[in-house]
Amino acid sequence: MLFPTHILLGIVLYLISRPFFSGGNEIVFFLLVLLGAILPDIDEPRSKISQWTGIIGKIVGRIAKHRGFCHSIFFVGIISFAIAYVWSSYYAWALFMGYVAHMIGDGITPMGVRIFYPFSKARIKGPFRTGGLSEKVIMVLLILVIVKQFV
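Adding 948 to a residue's 1-based position in the sequence shown gives its number in the numbering used here.
Simulated from the structure, these hints should not be mistaken for lab results.
Treat the hints with caution; some may be incorrect.
Stated by the list, open to error - No more than 25 Å apart at the CA atoms, straight line, and that leaves these computed lysine to any residue pairs for SDA-like:
#	residue 1	residue 2
1	Lys1013	Val1085
2	Lys1073	Glu974
3	Lys1073	Gly1055
4	Lys1013	Ile1063
5	Lys1069	Ile1026
6	Lys1013	Gly1079
7	Lys1096	Glu974
8	Lys996	Val1088
9	Lys1013	Phe1029
10	Lys1084	Glu974
11	Lys1073	Val960
12	Lys1096	Phe951
13	Lys1084	Gly1074
14	Lys1084	Ser1068
15	Lys1073	Ile1052
16	Lys996	Leu963
17	Lys996	Gly1080
18	Lys1069	Pro993
19	Lys996	Leu979
20	Lys1013	Thr1001
21	Lys1096	Glu992
22	Lys1013	Ser1037
23	Lys1013	Glu974
24	Lys1096	Ser965
25	Lys996	Ser1082
26	Lys1073	Lys1096
27	Lys1073	Ile1063
Generate coordinates for the entire structure from the input sequences, incorporating the hints supplied.
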């Protein structure tokens, strides 16, 4: 999936889960959900998150294969545990939820994701082509879900 779809998926997951989380700054929580929704693509040099992070994105892009370790449950586990340890489990959950949104998006494409990489090569995948008409339809549906939350 493309950047806008990942962001929209993150927003929808945030809106659905918001009533179940409390204990911190809701704006920071929301921003961490959005960060989690795009963070796995730091291993793709053309991605916005890779470009925004400069040298860090370049280093990750050179050592990590796209949709490899950065798209695994172990990657987000390490990041989430670090956030929980240093900051708060409330914020760790936010990043984790955004990450789940990202994995849902990439998991419905033909390339799919290897969520248990490097321990398993099994992929979760679906029929929706990245950037295709089906992704545009998904984007419209996500926008409608978001608008419905406020109307």
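Cross-check of the supplied hints:
A hinted pair counts as satisfied when its Cα atoms are at most 25 Å apart, and Lys1013 with Val1085 does not qualify at roughly 29 Å. Distance hint between Lys1073 and Glu974 is unfulfilled; the C-alpha atoms sit about 32 Å from each other, more than 25 Å. Restraint check for Lys1073 and Gly1055: the C-alpha separation of about 5 Å stays at or below 25 Å, so the hint holds. With a C-alpha separation of about 14 Å, the suggested pair Lys1013 and Ile1063 falls inside the 25 Å cut-off, and the hint holds.
The hinted pair formed by Lys1069 and Ile1026 meets the criterion: a straight-line CA distance of about 20 Å does not exceed 25 Å. A hinted pair counts as satisfied when its Cα atoms are at most 25 Å apart, and Lys1013 with Gly1079 qualifies at roughly 21 Å. For a cut-off of 25 Å, the pair hint linking Lys1096 to Glu974 stands: about 20 Å separates their Cα positions. Distance hint between Lys996 and Val1088 is fulfilled; the C-alpha atoms sit about 21 Å from each other, no more than 25 Å.
Our distance criterion of 25 Å between C-alpha atoms is met by Lys1013 and Phe1029, whose separation comes to about 23 Å. Between Lys1084 and Glu974, the direct Cα distance comes to roughly 29 Å. Violation of the 25 Å bound is thereby established for this hinted pair. A distance of roughly 21 Å separates the Cα atoms of Lys1073 and Val960; the hinted pair therefore holds under the 25 Å criterion. As the CA atoms of Lys1096 and Phe951 are separated by approximately 22 Å, the hinted pair is consistent with the 25 Å bound.
For the hint pairing Lys1084 with Gly1074, the CA-to-CA distance comes to about 16 Å; that is within 25 Å, so the pair holds. For the given pair, Lys1084 sits about 31 Å from Ser1068 by alpha-carbon distance, which is inconsistent with the 25 Å threshold. With a CA separation close to 9 Å, the supplied pair Lys1073 and Ile1052 stays within the 25 Å bound. For the suggested pair Lys996 and Leu963, the alpha carbons sit about 23 Å apart, so the restraint of at most 25 Å is met.
Using a Cα cut-off of 25 Å, the hinted pair Lys996 and Gly1080 holds, with the two alpha carbons roughly 19 Å apart. Straight-line distance between C-alpha atoms of Lys1069 and Pro993 comes to about 23 Å, which keeps the hinted pair within the 25 Å bound. For the proposed pair Lys996 and Leu979, the alpha carbon gap of about 15 Å is at most 25 Å, so the pair holds. Restraint check for Lys1013 and Thr1001: the C-alpha separation of about 17 Å stays at or below 25 Å, so the hint holds.
A distance of roughly 33 Å separates the Cα atoms of Lys1096 and Glu992; the hinted pair therefore is violated under the 25 Å criterion. Taking the CA atoms of Lys1013 and Ser1037, the gap is near 29 Å; set against the 25 Å cutoff, the hint is violated. Distance hint between Lys1013 and Glu974 is unfulfilled; the C-alpha atoms sit about 33 Å from each other, more than 25 Å. As the CA atoms of Lys1096 and Ser965 are separated by approximately 15 Å, the hinted pair is consistent with the 25 Å bound.
Proximity of Lys996 to Ser1082 is assessed by CA-CA distance (about 22 Å); at most 25 Å being required, the pair is judged to hold. For the suggested pair Lys1073 and Lys1096, the alpha carbons sit about 28 Å apart, so the restraint of at most 25 Å is broken. Distance restraint check for Lys1073 and Ile1063: the Cα-Cα separation of roughly 11 Å lies within the 25 Å cut-off, and the hinted pair is therefore satisfied.
When the structure is compared with the earlier hints, violations turn up for hints 1, 2, 10, 14, 21, 22, 23, 26 and for no others.
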